[in-house]
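There are 2 protein chains.
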Amino acid sequence: MSDIKSPESHPVNPTSIAAEPRTPICVLGLGLIGGSLLRDLGRLEWPCYGWNRSEKTVTRARRDGFDVSNDLTATLQRAEQDGALLVLGVPMFALSSLLDAIKVHAPHCGFTDVTSVKEEVHDLVEEHGLTSRFVGGHPMAGTANSGWPATMSHLFEGAVWVVTYDNAVAGDGKGKGANEAEELWLNTWARVVTMAEAVGAAVVPALARRHDRAVARVSHLPHVLAEALAIAGDKGGPLALTLAASSFRDGTRVAGTEPALVRAMCENNRSSLVVAIDETLELLQQAREQLANPDEDMRDLTEVGHAARGRFEARAGRKKGEGPNRPIIRVQPGGTGWVSQLESAESMGAQIGIF
Amino acid sequence: MSDIKSPESHPVNPTSIAAEPRTPICVLGLGLIGGSLLRDLGRLEWPCYGWNRSEKTVTRARRDGFDVSNDLTATLQRAEQDGALLVLGVPMFALSSLLDAIKVHAPHCGFTDVTSVKEEVHDLVEEHGLTSRFVGGHPMAGTANSGWPATMSHLFEGAVWVVTYDNAVAGDGKGKGANEAEELWLNTWARVVTMAEAVGAAVVPALARRHDRAVARVSHLPHVLAEALAIAGDKGGPLALTLAASSFRDGTRVAGTEPALVRAMCENNRSSLVVAIDETLELLQQAREQLANPDEDMRDLTEVGHAARGRFEARAGRKKGEGPNRPIIRVQPGGTGWVSQLESAESMGAQIGIF
Chain C
1 MSDIKSPESH PVNPTSIAAE PRTPICVLGL GLIGGSLLRD LGRLEWPCYG WNRSEKTVTR
61 ARRDGFDVSN DLTATLQRAE QDGALLVLGV PMFALSSLLD AIKVHAPHCG FTDVTSVKEE
121 VHDLVEEHGL TSRFVGGHPM AGTANSGWPA TMSHLFEGAV WVVTYDNAVA GDGKGKGANE
181 AEELWLNTWA RVVTMAEAVG AAVVPALARR HDRAVARVSH LPHVLAEALA IAGDKGGPLA
241 LTLAASSFRD GTRVAGTEPA LVRAMCENNR SSLVVAIDET LELLQQAREQ LANPDEDMRD
301 LTEVGHAARG RFEARAGRKK GEGPNRPIIR VQPGGTGWVS QLESAESMGA QIGIF
Chain E
1 MSDIKSPESH PVNPTSIAAE PRTPICVLGL GLIGGSLLRD LGRLEWPCYG WNRSEKTVTR
61 ARRDGFDVSN DLTATLQRAE QDGALLVLGV PMFALSSLLD AIKVHAPHCG FTDVTSVKEE
121 VHDLVEEHGL TSRFVGGHPM AGTANSGWPA TMSHLFEGAV WVVTYDNAVA GDGKGKGANE
181 AEELWLNTWA RVVTMAEAVG AAVVPALARR HDRAVARVSH LPHVLAEALA IAGDKGGPLA
241 LTLAASSFRD GTRVAGTEPA LVRAMCENNR SSLVVAIDET LELLQQAREQ LANPDEDMRD
301 LTEVGHAARG RFEARAGRKK GEGPNRPIIR VQPGGTGWVS QLESAESMGA QIGIF
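First to last, the protein sequences are chains C and E. Sequential numbering of the first sequence, starting at 1, is according to the UniProt record's numbering. Sequential numbering of the second sequence, starting at 1, is according to the UniProt record's numbering.
Treat the hints as calculated values from the structure; they're not laboratory data. Some hints could be false.
Identical chains share a label here; the pair holds if one copy fits it or two copies do between them.
As a list, the in silico EDC-like pairs of lysine to aspartate or glutamate whose alpha-carbon atoms are at most 16 Å apart [stated by the list, open to error]:
{"id": "1", "residue 1": "235", "residue 2": "279"}
{"id": "2", "residue 1": "56", "residue 2": "71"}
{"id": "3", "residue 1": "235", "residue 2": "303"}
{"id": "4", "residue 1": "319", "residue 2": "250"}
{"id": "5", "residue 1": "103", "residue 2": "80"}
{"id": "6", "residue 1": "103", "residue 2": "127"}
{"id": "7", "residue 1": "235", "residue 2": "278"}
Input sequences plus hints: build the corresponding full structure.
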């Protein structure tokens, strides 16, 4: 396998992954996320292969040296045979039929996904009766482009990769005595975390519903506000667009995202996003009343907003590219109290590592 | 005068200003805008001097080689004597008393301002009976910092500098027959435009109220939305802040601005900003209803928003720093039909030049 596109400027420390046996990984769906993951795994010489529905993508990926197929049944049978971890890289609408196929052709494989919402995926997996071998995932990386030509090495370097633990069996006091299903789940969870770390991501644990609530606030709401700001500015006509400078440019940047992608994010996370929009409506309504009354002022909004931005900067780094300041917690999958450790890491927004 | 702080990397083309006699310019208030203007004028060897209330600022500016004083009366008398153009660089709250002093000590000087809203300033000038020698100005440049230490050369390079024409006397058919007051105003207007062009800005004409409506949409609204987004994200706690990435970073950037500066902008432009917020509330309310109803979708908001961002990019350049695409119209102050030319330039968001 070769990757001539990206420089190897951020090599992953091999000692961090050497401890784990490199069991095969099978990536199903080779779009921006799935394809980039396959590139990174190949670069790390991790045993890996993939499947994509479209022949064109398969041809392109093969030309780049990857072991891929457009025969789903054969790919799943191969994964079942060599005990591969499945990574579901297909869009939400294609998940259900893929789960059907997994149930039939890879009845013992653990699997994860890379979709941007998690509760709906967990529900779907549960409907298919596959909960005990599923660990939800959300690598928070991407570009505005999609498809195999958009894939790249090092896409996940420094990104947060959320891993859910809804299906965790509290290991307290059980340890080695856990039954087979428990072991499969724990093993899947550890393999997902190891894979995410191997490609340079920071793993953050979260329950599916808490993940969805958080991304509604910090990812989906920014898109909704950017769209609204773009429209309100544009309504001012050519003069307004000429006077628009960096505050408008930055505030509307993500309105440049393909509408279909924005809809997919937002419409798959309706209830959490409604809550975030309602809070925003309340803040804006209050600011509006304060502006309409010459005896009132905007001290509240501006001071609380400034403090909030300060807390974000304190955590994320003051500038783009500056390293984040978040706690790191080491956990032992299935060890005593490990689910409480995950809960505590989640509440702190901490990164975790496996020991 | 010297300016050792900034490299002369973007020299202003001297031919564009050589045609105009360099009548003196007196800058009153040496904060970020006024001080940076004085730096640029000094760099261009334009006859110029300044005043600032604070002795500390005066000492600093003198140390940097500038001809400045903290004696307002003496400075205004000097300006009156040598027919200087006055540039009012003080904050809104200090304008009224400065206008009082100008009325007494510089009764014949034309003047402009650099405040971020224009209707309130025009009203204040009218209350002082100084309309016939006032041209409003708004250089749309700045940084998050303030005061003399924040001043810099080339701050206005490539920025839009709005110049109002509310007080224009329609020159149609009058031309040279205009009376003395008309000539003073026309002369002031031409001097303001020439000065703005000399420091590298693009002059865009606008009536005060149209300027205020436009900046409410593209400058003040982005600040209000950034504050609200910062608060809504922060309310998600540490997990949300850890998951926040570039959409949140860009959407909240201007919430990092000093609250007092945001308030000054917004609270001086209340009625226009209320209109812009009301439109935004309506858009968000609609999106909220569509999300709350599983049979509806966000096609409207995402597609109209995407198209609006596209129009902004088409005008402003797709990337920061890329040159804008706006029409340029040449006008002759006081010439036949010149006010119509300004109106037409305004409606197109066009840049103007004097011929």
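Hint check results:
In this assembly of identical chains, the alpha carbons of residue 235 and residue 279 lie at most 16 Å apart only when taken from different copies (10 Å versus 25 Å within one copy). In this assembly of identical chains, the alpha carbons of residue 56 and residue 71 lie at most 16 Å apart only when taken from the same copy (13 Å versus 77 Å across copies). For a Cα distance limit of 16 Å, the shortest separation of residue 235 from residue 303 across copies, 15 Å, qualifies, whereas the shortest one inside one copy, 29 Å, does not. Taking the shortest Cα distances, residue 319 and residue 250 sit within 16 Å of each other both inside one copy (14 Å) and across copies (11 Å).
Proximity of residue 103 to residue 80 under the C-alpha cut-off of 16 Å is restricted to the intra-copy arrangement: shortest distance 11 Å within a copy versus 89 Å between copies. Taking the shortest Cα distances, residue 103 and residue 127 sit within 16 Å of each other inside one copy (12 Å), while across copies they are farther apart (80 Å). Only between protomers do residue 235 and residue 278 lie at most 16 Å apart by alpha-carbon distance; the minimum there is 13 Å, versus 24 Å within a single protomer.
Against the hints set out earlier in the document, no violation occurs for any number.
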